[in-house]
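Asks: Now for the letters of each chain:
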Amino acid sequence: MKYFMKVLLAESYKQHRNYFNNRLIYVSLFVWPMFSFLAAYYSYRAFDFGGNIISYISTENILVFILLGYMAMSFFRSVVQSAWNFSRERQSGTLEYIYLSPANRLAVLLGNALSSVFESAVVMFIFGMLIILFNRSALNVNIVGLILVLAIFMVMALLWGVFLNACFLYSRDTDFLFTILEEPMEIFAGVKVPVVIFPGWARIISCIFPLTYVLEALRQVSLNAASISSIKTTILISLVIIMVLLGATLITIQIVEKHMRKTGNVVLF
Amino acid sequence: MIEVHNLKKTYDVKRRQNFFHSTREKVEAVKDISMKIEAGQIVGLLGINGAGKTTTIKMLTTLIEPTSGSYMFDGMDALMNPHQVKKQINMIAGGERMIYWRLTAYENLWYYGQLYGIENNELRRRIDKLLKLVGLEDKANLPVETFSKGMKQRLQIARGMINNPKYIFLDEPTIGLDAVVTQELHEEIKNLAKEQGKGILLTSHYLSEVEELCDYIYMVNNGELVVEGTKKELTDFVFTKKYYAFSVQGMDEAVVAKLRNHLLILDGDSSVELEGRTANISSRLELSSILAEFAVREGLVINELHKLEPSLEQAVIKLSKNIEREEKGIA
Numbered sequence: 080m081k082y083f084m085k086v087l088l089a090e091s092y093k094q095h096r097n098y099f100n101n102r103l104i105y106v107s108l109f110v111w112p113m114f115s116f117l118a119a120y121y122s123y124r125a126f127d128f129g130g131n132i133i134s135y136i137s138t139e140n141i142l143v144f145i146l147l148g149y150m151a152m153s154f155f156r157s158v159v160q161s162a163w164n165f166s167r168e169r170q171s172g173t174l175e176y177i178y179l180s181p182a183n184r185l186a187v188l189l190g191n192a193l194s195s196v197f198e199s200a201v202v203m204f205i206f207g208m209l210i211i212l213f214n215r216s217a218l219n220v221n222i223v224g225l226i227l228v229l230a231i232f233m234v235m236a237l238l239w240g241v242f243l244n245a246c247f248l249y250s251r252d253t254d255f256l257f258t259i260l261e262e263p264m265e266i267f268a269g270v271k272v273p274v275v276i277f278p279g280w281a282r283i284i285s286c287i288f289p290l291t292y293v294l295e296a297l298r299q300v301s302l303n304a305a306s307i308s309s310i311k312t313t314i315l316i317s318l319v320i321i322m323v324l325l326g327a328t329l330i331t332i333q334i335v336e337k338h339m340r341k342t343g344n345v346v347l348f
Numbered sequence: 003m004i005e006v007h008n009l010k011k012t013y014d015v016k017r018r019q020n021f022f023h024s025t026r027e028k029v030e031a032v033k034d035i036s037m038k039i040e041a042g043q044i045v046g047l048l049g050i051n052g053a054g055k056t057t058t059i060k061m062l063t064t065l066i067e068p069t070s071g072s073y074m075f076d077g078m079d080a081l082m083n084p085h086q087v088k089k090q091i092n093m094i095a096g097g098e099r100m101i102y103w104r105l106t107a108y109e110n111l112w113y114y115g116q117l118y119g120i121e122n123n124e125l126r127r128r129i130d131k132l133l134k135l136v137g138l139e140d141k142a143n144l145p146v147e148t149f150s151k152g153m154k155q156r157l158q159i160a161r162g163m164i165n166n167p168k169y170i171f172l173d174e175p176t177i178g179l180d181a182v183v184t185q186e187l188h189e190e191i192k193n194l195a196k197e198q199g200k201g202i203l204l205t206s207h208y209l210s211e212v213e214e215l216c217d218y219i220y221m222v223n224n225g226e227l228v229v230e231g232t233k234k235e236l237t238d239f240v241f242t243k244k245y246y247a248f249s250v251q252g253m254d255e256a257v258v259a260k261l262r263n264h265l266l267i268l269d270g271d272s273s274v275e276l277e278g279r280t281a282n283i284s285s286r287l288e289l290s291s292i293l294a295e296f297a298v299r300e301g302l303v304i305n306e307l308h309k310l311e312p313s314l315e316q317a318v319i320k321l322s323k324n325i326e327r328e329e330k331g332i333a
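As you go down the protein sequences, you meet chains A and G in turn. With the first sequence counted from 1, adding 79 to any position gets you the working numbering. With the second sequence counted from 1, adding 2 to any position gets you the working numbering.
Note that these hints are calculated values from the structure, not bench results. Mixed in with the good hints there might be a few duds.
[To be verified] Across the chosen pairs, the derived CB separations fall in these ranges:
| no. | chain 1 | residue 1 | chain 2 | residue 2 | range |
| --- | --- | --- | --- | --- | --- |
| 1 | G | 185 | A | 338 | 33 to 43 angstroms |
| 2 | G | 83 | A | 249 | 30 to 40 angstroms |
| 3 | G | 21 | A | 338 | 46 to 56 angstroms |
| 4 | A | 197 | G | 190 | 36 to 46 angstroms |
| 5 | G | 23 | A | 338 | 33 to 43 angstroms |
[Unchecked claim] Derived BS3-like pairs (lysine-lysine); straight-line CA-CA distance at most 27 angstroms:
| no. | chain 1 | residue 1 | chain 2 | residue 2 |
| --- | --- | --- | --- | --- |
| 6 | G | 10 | A | 341 |
| 7 | A | 341 | G | 28 |
| 8 | G | 16 | A | 341 |
| 9 | G | 131 | A | 341 |
| 10 | G | 323 | A | 337 |
| 11 | G | 16 | G | 28 |
| 12 | G | 141 | A | 337 |
| 13 | G | 151 | G | 141 |
| 14 | G | 33 | G | 243 |
| 15 | G | 323 | G | 243 |
| 16 | A | 341 | G | 38 |
A quick note: this is a predicted structure, and the numbers were derived from the prediction, not measured. Where a beta carbon is used, it is the ideal one built from N, C-alpha and C, also for glycine.
Kindly produce the complete structure, drawing on both the sequences and the hints.
Replies: Right, dumping it as structure tokens:
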């Protein structure tokens, strides 16, 4: 376990030093999601929420509703980007040396995702918390539920990052995953528009993204003071997703290394 | 000791025919290679481009799995225990990649040290020692991107020794380095093998480097072992004749003709060519005493008589040409 933690922390530190040298990167990580958030918010302002099909959304709390979506999205987006960044290690030749070492592969990938989550999402998180504090009247929070959902959310975001990392390592031609997962996740996971108002086909796509479930739970406990029992189905699905992601990640790590050793593609770029 | 037998690697390569169709074909990168690396020994792996050197190294470092063959690592089956092998090996490749340019030299070594689970105090000591060894102790806290090519390569060497490996694989380690740094590195490689007892496998395009460093050499071509042995065994294998430079006072065509006739009686394959005042002689026989006797008998005063030892470079070039001729079907 000590060795696992050493590798995890070393990888986190390396990623931080390697990709976050310039403070301006924090500005770009913050400014872009913030503009997207504002665009979404002001698009909603044109509509009247009286008699809305989602009972807990109102004109007062729509800002927090969307903001929660963007805060959650920034966590998930950061791990997708970190996975994409990690695949560049193949080009720089450093991936070969990571695989030459006996280091636990899960620790390396987890360290990479962990670094990215905290680095990328921290500014958006601080911004979001400040806005929410100024709009406290819009909140209707179940504290215990929120703590539980946040814990599930963090674990899920990290595992999503590790799983994607492993997928990106399978081949040098997996960059298309970045395109597939980046924008569609924002649209179909209900970041801007609630999933319940989607047509059937779009809801099927929503099911693919883990963010969909955990975001719904987060909004329910923050805006509707939902009890744990009332969101138990969402929590249960989230836990199942976590187990599936963990299993899929462990299997993918094995498959990736076996594939690399068979094809020699660890040195191809 | 590292011992591999009949190592083979076949890649399944996809060739795209058009947008919709592709075919798969087998490419044999390594057909049959057997070799040994003992502790304290520097072994050279030579071959022209595409010979299978890199694939062989990748198999020995467990990065690539052989299609067939056996690989024993200090008595342990390395193919069954790649994780155990990884702890005791490392690789140093030439070039400027494979290190993190935005990190400092110290941070690079610290990161790789952590990947090997080295205890923190021990890692600090080791990093200080290695940075001193490669002459980068004053640059420890500078980002690698500010380093020259030679400094980056020296950092690579320190990185390759961070886990104190028992066996080190050097893949073109001095490529692009200046003569002084190369010589320092040569001394260090010798020290690693002779003083610290590490087994080293070296591939290099600089044949003088292989000649200077290697105790034993394997030459591969087209994925197969062509010849193996010490430098002398290799040159003897390639050059079946012996070469002499012979010069006497008053050396002219008449003397050369007399010498030629004399040698042809002893060895029908011998040849004598006059170049300036020196006769260049080749023969299957040891000629030193024969040439001395010839000079005494003819009343000639010897100016020069020495046996020419072909270099490894000459041997490899000749061997490569022979192989090329064979492949083209030229008799």
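Asks: What hints, given by number in increasing order, does this structure fail?
Replies: Violated: hints 2, 3, 5, 9, 10, 12 and 14.
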